[in-house]
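Chains as they are written, first to last, in my numbering: chain H, 1 to 973; chain C, 1 to 274.
Hints are computed from structural coordinates only; laboratory data are not their basis.
DSSO-like cross-link-like pairs, simulated, lysine-lysine; straight-line CA separation at most 30 Å:
| hint | chain 1 | residue 1 | chain 2 | residue 2 |
| --- | --- | --- | --- | --- |
| 1 | H | Lys594 | H | Lys568 |
| 2 | C | Lys245 | H | Lys61 |
| 3 | C | Lys245 | H | Lys125 |
| 4 | H | Lys458 | H | Lys594 |
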Amino acid sequence: MGRLTEFVLRWRVPLLVAVLVATVFLGAAVMKVKLNADFSTYLSQDSPLVQEFNRVGQVFKSNYVGMVLIRTDDIFTTENLALIDRLTQAYEGVKGVDSVTSLSNAVDFQRAGGGLMVGKLLEGKPLPSTPEALEKFKRYVLSKEMYVGALVNAKGTTAVILVRLGQKVSHFKVAGRIDRVTQQIAPGSKDIYYGGMPFLIYSMTGLIIDNMFFLVPLIILLLVGVLELGFRRLGGVLAPLTVVLLAVVWTVGVLALLGRPLDLLTGIVPVILIAMGAADGIHFMRRFYEARAAGSARREAIGVTMREMGTPIVFTSITTIIGFASLAISDFDIIRTFGWATSLGIFLALVATLIVIPAGLSFGKERARVQSRDDGKPRSARGGSRVMAGLGGLIYRRPGGIALLTVGLIALAAVGIPRIVMNVDWTLCLAQGSKPYLAEMLLRREFGGSLPLLVSVKGDIKDPATLETMLATERYLDTLPDVSEAQSIASILAEMNWTLNDRFAIPANRAQVNNLWFLLKGQDVLDQMVRSDNREALVQAKVASLGTAVIGQVVAETDSFLSRLPAKLIVVDGAQAPPAARQALSQLQLEQIKAALTQDLEAKGVSIRPGLLEPALQAGENWSPNEEDYAALRKAITGYLLSPFSEVPFEDQAKAAGVADSITTALRGQGTLLTTSELEALLRPQIQTPYPQDVTSLAESLAYHARGFLNARRVEFAYAQLTKQLPAEARSDGDLAKKLRGDLWGLTSSVLALSPKQYESLQAQYGLVAARTVALAAQPSGLAPVLDQMEKELLPTQIESTLLALLAIMILLILVFHSLRAGLLGIVPVALTILVNFSILGYFGIGLDSFTAMIASITIGLGIDYAIHFTHRFRREFERSGDERAALIKTLQTTGVAILINSFSVGAGFAVLLLAGGQHIRLLGGLTAVALLVSALFTLIVLPALTLLWKPRYLQAPVTERTLRPEGETKQI
Amino acid sequence: MRSVEKMKPYQRKVLQMKSIKAGTIGLALALLLVSSALALSGDEVLQKVQEAMRPGQDMTATERMTITAPDGSAEVLEVVIYQKGGKMLMRITKPEEFAGIAVLVLPREQGGEETWLYLPAFRDVKQILAQGLSEGFVGSDFAYEDLTLSYTDKYDVTEMTEEGGQYILSLTPKPDAGLSYSGARMWADKGTFLPTRAEFSDRQGQLFKVMTLSEVQAFPSTSDPQRSYPTPTRIEMDNVKTGSKTVIELLKVEYDTGLSDDFFTVRNLKRGSA
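One chain only, chain H, in its complex shape:
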């Protein structure tokens, strides 16, 4: 330190010039620093889950979906629908927006006037303007599950416009453009909210800016106030203030030069540096003023201060750096960056303290200052001296009692810690009561939440067996509490099948899938759900909460379901199977149908007693057409033959009826459906046509439609049996009815998909032959599993981080004080503080998450300074006086006061974060402020008590004439 002092004082001018140049250079870089509130970049980009998240987002453009919510008394008015339409069109024209979906342009397929319309709900049509038309439109929209909960709430009072942003665009800028467009179309509207990731980023960015521009000046003012109160001298205010401002500019400048943007956490680094960086300056100035009051000349006082305070300042900075650097093992990139940025700031503050302050102080009057009455202490501190003396006396008299009290405190903490809740809501990032927060709450209440849960399914997506698996996955997800709006291409195809053919079921074969796919070609929904090569598709759902416990539960259950799915499906056709196998296959099929029915009922909250479904299933299985069915079939066939769709024109009704009659008679006699060739053989003698191929074509159509007709009758019969068992509200639910009928449609098919195990068993027993094998792989994707994994790894990582920091610091203390006991004792106050901090979390129900867990590392870094300063001073005072009591009191009156001032000033700095937007930051600020004060108290009370009881080496050494040193003399460490 002596050499450093010499160097600094000799080269003070060049050093100060260098500091100025560096400050200007880095200050210029600060002007160009960018902001980043994109959550997805906060995660560890090395994590396979994060990489999968990014990949899926890129393929399906699913990661950046913003939601514009319009809240009204009734969405279904001409005015509100026109607003949605205008906003939709306007957003489509915003640069950076990939696609927009709303009630205006949502894909709609419906039967209308005997025809088919695959188009948009409203786009290209005149808006409904009469009460009747509006009511009709409202009923239609609210009857469709694909709209309710996705684009409009069940009550029809809130609509959502989904805005998909491009991948390689600035989401902040695009969100800003969308906001401006909204203001142009609906200026000053209070009923429009923004939710979803892009708008969250937009709000968070604003939050970062607000935090910086509001909190930084505030904390500077606070610091100035505390310094003035503590020193009552200009130098005492300016020196620490200069150090922290330099540290802030240099740190943020380095971040800017490295291209690291300021994010939610590094955005508060300036506040933290101002709060913490002043500590060393405070200690330095305190000792300097003490030396000056004792009569030392300016330069001499600088030398004394550097010699006495230099090493402890260095070591306390090192320990603080260790505390923050331990955050480097976090899985969150944002926390790692926060850790090293703060460490860098502390280091730069140290450099500034040891160079700028002594260099700056060296200018000025050199004459020795006359010792004043107050011995360099502010007048306000004299009262404090008496209190400290009293405290010192008490500690000296009752160390054992204090130790016992400490044990009691540990026991109390031990009760609180197990109460810690791991369920923390990520919505805490938002300021409560802010519009983004309200939007998130609205999304949760009315739209099932904003957190997407995705399942990526890889395989031949167009194979009906794959689609059935996807539909089964949707059904399962809808049964999970906190999950809703499960959708995939499977349910969309089923919905189209319902529109075209009155059956909510996956098309029976690939050709039918292709035909329906044709109608979807070019629609955005296909791009959003299926990869362009049709080898991967997404099942999407929403999680109602951003709470970690809910997310964890949902992810765990989804994982469990998906792990039970076989890696391949063996498709068999029961009609081609050996007769002995058919019974077994039929049984398996009934079980599958039963599972589907159960899930659909469960998703609607209809609980069913065991055995309720079997009678209906059995009745459907055993159904055969009666006279009424044959009469209806005959009528349908007659109608077809007379229609323009018949391949052979029939103008004579009697002739058509005769042909229909022959068909139904043959069916009745055969007891099974007629094949195409059997029908053709029946038709040919009855039909005269110059085009013989038309008869073949007609036979194909009649075989198909007759089969479909009778199948529909079978399903209706089974459904009628089923509904007799259901409660009234379930019977009146149109959507449920559609799905149950769709499930029962399985009774009409002989094709079944088996797991390899099922197939092997049946093959061994009956010699079953597979029609085809379908490979598939399903895994969860999206933000939900990423957040879940991060939070799972959080606690072990934080424990690891905390223990690592404690160990490193303990070793340092042992080396510094040449005493194992001193090292162990040194970490007691911070260890106790961490226990108290966690017990506060437990007692007050504050969740443990990535942010609150950081407090342990921060506490170690800051709190250990107090123990180092205290132990260092106490040891020196003991070496001087040889009297434990006197040394203790002196230490408390000098360093102890400084520690308290420091804990208040730094704590107040962190307490400023209570005014930040974002509840996470507020919690971090408030809890850290409490932790610092608690750490200071433990240092001043428990540490000396335990030191007196356990007596480290420096207290055990016999006090002799040689070791006793007069006041003012120091010993080099």
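For this one, chain H is given, so just place chain C on it according to the hints.
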């Protein structure tokens, strides 16, 4: 005035020149009047454009449609198109996943068109309603309404200019047309009336799609080989907003093969070929 006989030679000459001059001016005026009477109106030009795009009695063509997405990936379809007057039957032949799907467009007596779609896997024919016609055909940049080559029923000509041997028509959709465009501009060759370019605007009036027609070739009539019809063999539609593009190439075309009206029926949609 003296009689001509009594005029001196130079006077006769002057009179002669004046007469020639008057006659020339009179002829020019007469020609102007006649040409004004013969000049086409915008609607007439549009009618001729439509006729040029649907020449002859009937047409059978095989076309390749290449749909290129913004990321450069491409899908190829092949279709067979039959056309007679305002009737059109189109059947997809490739790729296999869509083979057999067919579309039939029939003009209505009261104006407008009706469009039918055949889905072979369901043995079902469904009428596509008006609102569905603005959707892209098989995800291409051509909407159903673009493929019918029907303009006079759908557009009014609001302005017409001439430039560089072309008519430039400004088109506005008729109120009941139900089109997805708010307007269009069309360039048509004055000699053949074949369009060379069309620009379509979206509902906000922004440029949406640009269609270019090129590589005009003359194809003979089957019934009258002396007669031939100029036909653009390449039609490209660029979606300016998305960056996607669809190109229709005419691979084979036959005119006047004698397609009957019965061919263009819902019943015939289900048949494999003519």
